[in-house]
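J.: Spelled out, the chains give:
There are 2 protein chains.
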Amino acid sequence: MVTIVNAPSLPSAAAAAAAETPDAGPSSTHRVALDALLDLVGDDLTRVNQTILDRMHSPIALIPQLAGHIVAAGGKRLRPLLTLAAARLVGYEGDRHISLAACIEFLHTATLLHDDVVDESDKRRGRDTANAIWGNKPSVLVGDFLFARAFELMVEDGSLEVMGILARASAVISEGEIHQLLTSNNIETVEEDYIQVVGAKTAALFAAATRIGGVAAERPRAELDALDAYGRNLGIAFQITDDFLDYSAREAELGKSIGDDFRDGKLTLPVIHAIAHGDDEERAFWRRCLEEQDFSDPHGEADLAHAMTLLARHGALEETVRRAHAYAEAARRALDIFPDSRIKTILTEVVDFSVERAY
Amino acid sequence: MVTIVNAPSLPSAAAAAAAETPDAGPSSTHRVALDALLDLVGDDLTRVNQTILDRMHSPIALIPQLAGHIVAAGGKRLRPLLTLAAARLVGYEGDRHISLAACIEFLHTATLLHDDVVDESDKRRGRDTANAIWGNKPSVLVGDFLFARAFELMVEDGSLEVMGILARASAVISEGEIHQLLTSNNIETVEEDYIQVVGAKTAALFAAATRIGGVAAERPRAELDALDAYGRNLGIAFQITDDFLDYSAREAELGKSIGDDFRDGKLTLPVIHAIAHGDDEERAFWRRCLEEQDFSDPHGEADLAHAMTLLARHGALEETVRRAHAYAEAARRALDIFPDSRIKTILTEVVDFSVERAY
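Taken in sequence, the protein lines are chains A and B. In this text, residue positions in the first sequence follow my numbering: the first is 1, and each later residue adds one. In this text, residue positions in the second sequence follow my numbering: the first is 360, and each later residue adds one.
Chain A extracted, bound-state conformation (with noise of 0.2 Å):
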C-alpha cells in the first residue's frame, strides 16, 4: 500500500541566498555577508542539503513529503552553515562537519514541526505549515523521526562528545519551549525569564551548532568554549532582533505583518521593558491584551497602535536593540581567540547580520 515517491528538490546554496535575501534595501551590505559565507562554504551546504534528502528518507511516502515541504521551505540554513563555517575556522579538512551540519538541520526542523503544532501556527515564511496542509498528527511524528534520525547521524559519525552536546542541547531546548508556554500571557514575565527562554529555546541550538564544528576538527576546549559563546550570544542576539522586527515599523515598510507576537500575548524584550516602566494604567492595558487577550476591535489594530505608542514612551524598541547589540558584541568577541582570516570576517559579520537584517 505504501509507496515510494521522490523525494522533493533542495534549493541550491545560490537560491538559498537569494530567498533569504528579498530586498537589496537597508540589509544589502549584511545580505553580503551570507552571500560570502556560501561563496566559502557553498559545496560543503551542498553535500549537506544532499545528505539531509538522502536521510530524511523512509519507505513510508508522507515522512520524506512533509519534511520536504518544511526542509525546502527556503530557510536560511543559518544553524548548518555556522557548523560549516565553525568548522572551516578551526582549519578542519574532514569530512564529519557534512553529516554533523545535516543532524542539526535535523534537529532544527524537528523542532519548527512541533513548535507549529504548538503554536497552532497556520504560515511560516508565507508558505501553509505542515500541520496546516497535513494536520497536527503526522506533524509531531515526522518530528519524532527527524529527531530520531538525526541521532542516527550522529551514531554513524561515532562521537560521544558530538551526541552528548546535542542530547543535552535538545533537553535545553525542550525545556526553553516549556518555559516558554509559561511566560505566555503572563506580564509578570521579567527580563531573566525571558533570556533564559531565549537562551534555551533559540541559542541552545547555535552554540552547539558551532562547538561541534570544532569538535570535529578536535580543537582544544579553550576554542571549543569560544566557538560555544560566539554561538550562543550570536543566536540570544538574533533571537532578541527577531522579537524587536515583529513591533519594528522596518518590518511594517517591508509590507510585512508586525504584532503577532503582540496579538498571541508573548512576552518578549520590547513589552518586558514597557511594562516594567509603565504605570498602573499602562499595566492594565498591558494584562488585558497580552493575559486576556480581550482587544478593543477584531483584529487588535487599536491596541496595538496604543502598544506601540508604549514602547515609543519607554524607549523600549531602542532598548531592546542595545541589548542584541550588546550580545552581538559578546559574539565577536569570543572569536578573539582565532587568528584572523577571511572566514573570522565573515563570522563577525553574520554577527552584524543578525541584528541588522530587516527579516
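Worth flagging that the hints you see were computed from the coordinates, not collected in a lab. From a predicted model like this one, the values you see are computed outputs, not experimental measurements. By construction, the Cβ of each residue, glycine as well, lies at the ideal position given by its N, Cα and C atoms. Don't take every hint at face value.
[Stated by the list, open to error] Part of the chain A face toward chain B, derived, beta carbon under 8 Å:
#1 I63
#2 D144
#3 A148
#4 E177
[What the hints assert, rightly or not] Pairwise CB distance ranges, derived in the manner of DEER restraints:
#5 A284(A) to E651(B): 47 to 55 Å
#6 E191(A) to R580(B): 55 to 63 Å
#7 E677(B) to G135(A): 33 to 41 Å
#8 E218(A) to G517(B): 16 to 24 Å
#9 E651(B) to A276(A): 49 to 57 Å
We have chain A already, so just place chain B on it with the hints.
T.: Chain B in isolation, oriented as in the chain A frame:
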C-alpha cells in the same frame, strides 16, 4: 518565577505488580509470571524508578509534574523489566542495565505522551491523560524533553552500540505511528500493513529493550539476535492481543468498554480478517463505519453489535488469537539457545501472560 517542586513519588515494585493485576480471574496464573519477574528483579526495578525520578528533574517544574503524572500512572513497566530480565538471563552483573532500562521507559513515555496528543485521547488506564489535564502543547514538549533525556542517559552509558539500537528503534517507532495513521479509516489495509505497523510501533521497542540487556553484558551476536527475536515476537503477540481485547467478550465481562478501535476506525487484525472474508454488503458496512465513521446511532452501539456478528461469522477473533499464539511461540523458541534457568522460565511465562492476559 519558576520554582522547583518535588517530583511525584513512583509506585513500588509490589504496588506496580498489584496495579497491573487488578483481577484474580482468568489471568491469575499469568499474574504469577509478572510477580515472579518482580521477585527476581524487583530491587533493580526500584533503582530504575529512582533513576527515572532523578532524571526527569528540571528547573521547569511543569516537566516533572507532567512527566510524573504519566510515569507514575501505574504502567506495568514491562519494557524496562524486559531489559532487566534480559540482562539477568545472560548473567550480567554490572549496573548499566539500570540506566538503560530507565532510557527505555523514557522513550516509551515520550511515545505515550505524543500518542495521546495524536489520538486526542482523554483517558489512559482510567486516568485523565496529560493532554487532557495540561493541554497538547506541554504534552508534545515534555515528550520531546523525555526523548532528549533518554539520549543523555545513553551518552552517560557510553555505548555507541546501544545508542545505535535505540536511535534506530526510535525512528522505526515514529515510522510505524505514521504508517498507522495512513491505515486508519482505510479498509484497503491488509494484514501485511498491520504486521508492519505493529512490528514498528510496538515491537521495535520490545526488541530494543531485550537486546540492550545483552549488549550491556557484551554477549555474542547470536545471543543478541535471540534476545531481539524474543522481544520482537513478544511485542507483536502483545499488540495483537491488545487489539483482540478491544473486541473481546472477556474485556466486556470485566466491565471495560469494548469497541474503541471500531469507533476510531482503526484497522486492526480482527476487522482486517473479517473484511478480507466478507462479501460486498459487509464491505459496504465496514466502509461506512470505519472509513466514513457514519454510525446508525450516536455511540455506534448497533453497528458495533453487527461488527461483532461479522467477526464471529468469519472466525476473526479465533484467527487473531491464533496469530498472537504463533508470535508467542516464536518468542518462546527464541530463548532456546539459552541454558535453562529460573529467569528463562519466567520469560517464557511472560509470553504466556502477553497472549492470555485479560487486561
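J.: Answer holds if the nearest beta-carbon of chain B is closer than 8 Å to that of E177(A); otherwise answer violated.
T.: holds (5 Å)
J.: Does 16 to 24 Å hold as the CB distance between E218(A) and G517(B), or does it fail?
T.: holds (18 Å)
J.: Would you check whether A148(A) satisfies its interface hint, that is, whether its CB is within less than 8 Å of any CB in chain B?
T.: holds (4 Å)
J.: Take a look at whether the Cβ-Cβ distance between A284(A) and E651(B) falls inside 47 to 55 Å.
T.: holds (51 Å)
J.: Against chain B, run the beta carbon of D144(A) and see if the smallest gap drops under 8 Å.
T.: holds (4 Å)
J.: With 49 to 57 Å as the target window, see if E651(B) and A276(A) comply at their CB atoms.
T.: Roughly 56 Å apart at Cβ, these two residues keep to the hinted range, so it holds.
J.: Hint says 33 to 41 Å; check whether the CB-CB distance for E677(B) and G135(A) agrees.
T.: Holds, at about 36 Å.
J.: Quick check: does the Cβ-Cβ distance between E191(A) and R580(B) fall within 55 to 63 Å?
T.: Holds: the Cβ-Cβ distance is about 56 Å, inside 55 to 63 Å.
J.: With a cut-off of 8 Å, does the beta carbon of I63(A) approach a beta carbon of chain B closely enough for the hint to hold?
T.: Holds, about 6 Å.
Every hint, counting from the list given before, is met by this structure.
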